[in-house]
Amino acid sequence: MEAQPRSRRETWRLLFLISPSFFWLVVFFLFPLLLVLGISFGQRGTYGGVRWDLTLDNYVRFFDPLYMRIFGRTVIIALVTTVICLLAGYPLAYFIATRPPGRRNAMLLLLMIPFWTNFLIRTYAWLLILRDQGIINILWTGALHSFLSQAATVVPLPIWEPLLEATAVSLKLFGTDGAIIVGLVYAWLPDMVLPCYAAVERLDYSLVEAAQDLYASRLKSFLRVILPLTMPGIVAGSILVFIPSLGAYVTPDLLGGAKSIMIGNVIYSQFMSARDYPFGSAVSFVLMAVMLIGTLVYFRMGAE
Amino acid sequence: MSKYAVQLRNVSKHFGTVVAVDDVSLSIYDGEFFSLLGPSGCGKTTTLRLIAGFELPTKGEVYIGEKLQGEIPPYHRPVNTVFQNYALFPHMTVFKNVAFGLEMRKIPMEEIRQRVLEALDMVQLPGMGNRKPDQLSGGQQQRVALARALVNRPQVLLLDEPLGALDLKLRKAMQLELKALQHRVGITFVYVTHDQEEALTMSDRIAVMNHGHVLQVAAPQEIYDRPSERFVADFIGETNFLSGQVKGGRTGEAVVVVDGTLAVHVFVDRMPGMNEDVTVAIRPEKISIHAEPPDPQALPGVVEEVIYTGTDTRYLVRLTEKAIVTVRQQNVDVGAAVSFPVGMQVYLCWQPESARLLVA
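Note that the protein sequences, when read in sequence, are chains A and B.
Just so you know, the first sequence maps onto residues 420 to 723 in my numbering.
Just so you know, the second sequence maps onto residues 34 to 393 in my numbering.
No lab work stands behind these hints: they were computed from the structure.
Fair warning: there could be bad hints in the mix.
[Claimed, not checked] Stretch by stretch, here's where chain A covers chain B in the computed footprint (C-beta under 8 angstroms, at least three residues):
#1 99-110
#2 118-128
#3 132-142
[To be verified] Partial list, computed: chain A residues near chain B (C-beta under 10 angstroms):
#4 623
#5 630
#6 632
#7 634
#8 637
#9 640
C-beta atoms are modelled at their ideal positions from N, C-alpha and C, and glycine is treated no differently.
Based on the provided sequences and hints, a complete structural model is requested.
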């Protein structure tokens, strides 16, 4: 008899506590999302805007080879970014997590400090490094080229010829998929390192000793014990890198030039230049669906 | 075949400025149940880890069988370890856990299956192969850890406080079971514990350690009856200590005067110097208590406190201003519980060979 009113009061209390985030999500997330979903079935008005003649044409149009090619490239860029982040981030996370506790925090801080700078500025910095008259190319065509010509005069050998030729012209770095990947890896590396770090740090090191006690070499104990037990960190980190890479807009916009564009740029241009809201909405929804399915499949794999 | 399963020769291990193990030499016989006993931080676990290869000695040499181990990594040493927290692989079934060592050594699948099932039978966990470690009780996990190590038939099995996490009753049962198991498999066990009773119950020989040193290596009875120094006497069982000076004696027997008034007779192997500061150690159960002096050497005292514990009665008897000793009397007869009330004048006696003379 006494328990019931108390539990009802408890229910009200909980409702009260979740109400701010609930309303926030409904007003600023669910409602706009439904709006985008609705628009994706509409048609482009003559002067922009949306005509509400329901159609599936926008989704059909997505399968146009032009968009499919961009979408395919986007997926590949995001995958490559994720793999590089994993290959670079996991060893780093492992290294940090196995240092003495005091030094760990200092290292994590060092990892985070660059990310206190504005994202746009950091990406722009890569532009200065990679562009045709950028830092790399100044060194390539300047310092390296003159060093090689000096060397050629001191020790005349035929091998200098192709090297001199190569350093005579700038490297094409800016405006390539490679530049985008460099920018994305740089942007999302901490998102890979932090979950991996958490997983490695939580790992009971006596399990590694147990594996080695049972005749497992360093490599075997890594593959059979450390890797499976830190898999949740790898899965979380990969998702945290893959999803923003798939939807990237600023990085390809700044570093990809006119030729290398990703699906995020397509969505942007549909809304901002082509004023085709329905098609832009449809592409957005396909992208979201791919992310959702990809994440679910990946989680399922990780669980095994 | 060497008669020693493990030998440590002048082994030291430093961690920075901390000396965890200080010039330890040990010879552990083949087929022996050997315990490393000491308080936490005494270096016993580090010693075990030096044998396993998880730590390399700063100085000295570790031999397993006749082979100098040097920098051989743990996965190439013919020993297996039962870890304190069991360290079972949480992502593998019990079967996979036990099979791990055999798989790493590329034993054929069919043999692995057979040996794992045998090992699970041996630790009384038949049919548990498909469980995950977190579905087992603490005692069961302990058995899996044991099976996982023993299935490899190591030359030496290292056990790091394997019973520490179990409750008292289970621990007692496992002590006897481990001892029986060791007899059956005939493998040398090196057992780390801080529980003196556990070490006495199970071991063929015990090494008592403190501050990185080995203080005494001997059979349980020898350790208990003939402790080599005060720490050993104090750490193992209960002991009364009486400090005094050597004032006389004849061959094999010294007379120690406590607090200037009390003359205590002790058997000694080696006669200490006159007026040397010494400690007489005597176990409470080896003292008898009497209302009348049974012989002229009996020590007079006054009962200060009487504690009845069921199986026996403990008397705290004041001998001098500073010296109080505990006397333990078994309650053999019903009603004999409190024969000597508080305040009563009593006389204490013991066989001179029961007491130990310890230097300082």
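How the hints compare with the structure:
1. For the segment 99-110 of chain B, the stated coverage by chain A holds: 4 residues have a C-beta nearer than 8 angstroms to a C-beta of that chain, and at least 3 were required.
2. By the rule of at least three residues with a Cβ nearer than 8 angstroms to a Cβ of chain A, the coverage given for the segment 118-128 of chain B holds, with 6 such residues.
3. Under the rule that three or more residues need a Cβ within less than 8 angstroms of chain A, the assignment of the segment 132-142 of chain B holds, with 4 such residues.
4. For residue 623 of chain A, the interface hint holds, the least distance from its beta-carbon to any beta-carbon of chain B being 7 angstroms, beneath 10 angstroms.
5. Taking 10 angstroms as the C-beta contact cut-off toward chain B, the hint placing residue 630 of chain A at the interface holds, the least distance being around 7 angstroms.
6. Hint status for residue 632 of chain A relative to chain B: holds, with the closest Cβ pair at about 5 angstroms, below 10 angstroms.
7. Satisfaction of the interface hint for residue 634 of chain A is found here, the shortest Cβ-Cβ separation to chain B being roughly 4 angstroms, below the 10 angstroms cut-off.
8. For residue 637 of chain A, the interface hint holds, since its Cβ comes within 10 angstroms of a Cβ in chain B; the closest pair sits about 8 angstroms apart.
9. Of the supplied interface hints, the one on residue 640 of chain A holds, with its beta-carbon coming within about 8 angstroms of a beta-carbon of chain B, less than 10 angstroms.
Hint violations for this structure: none, all hints satisfied.
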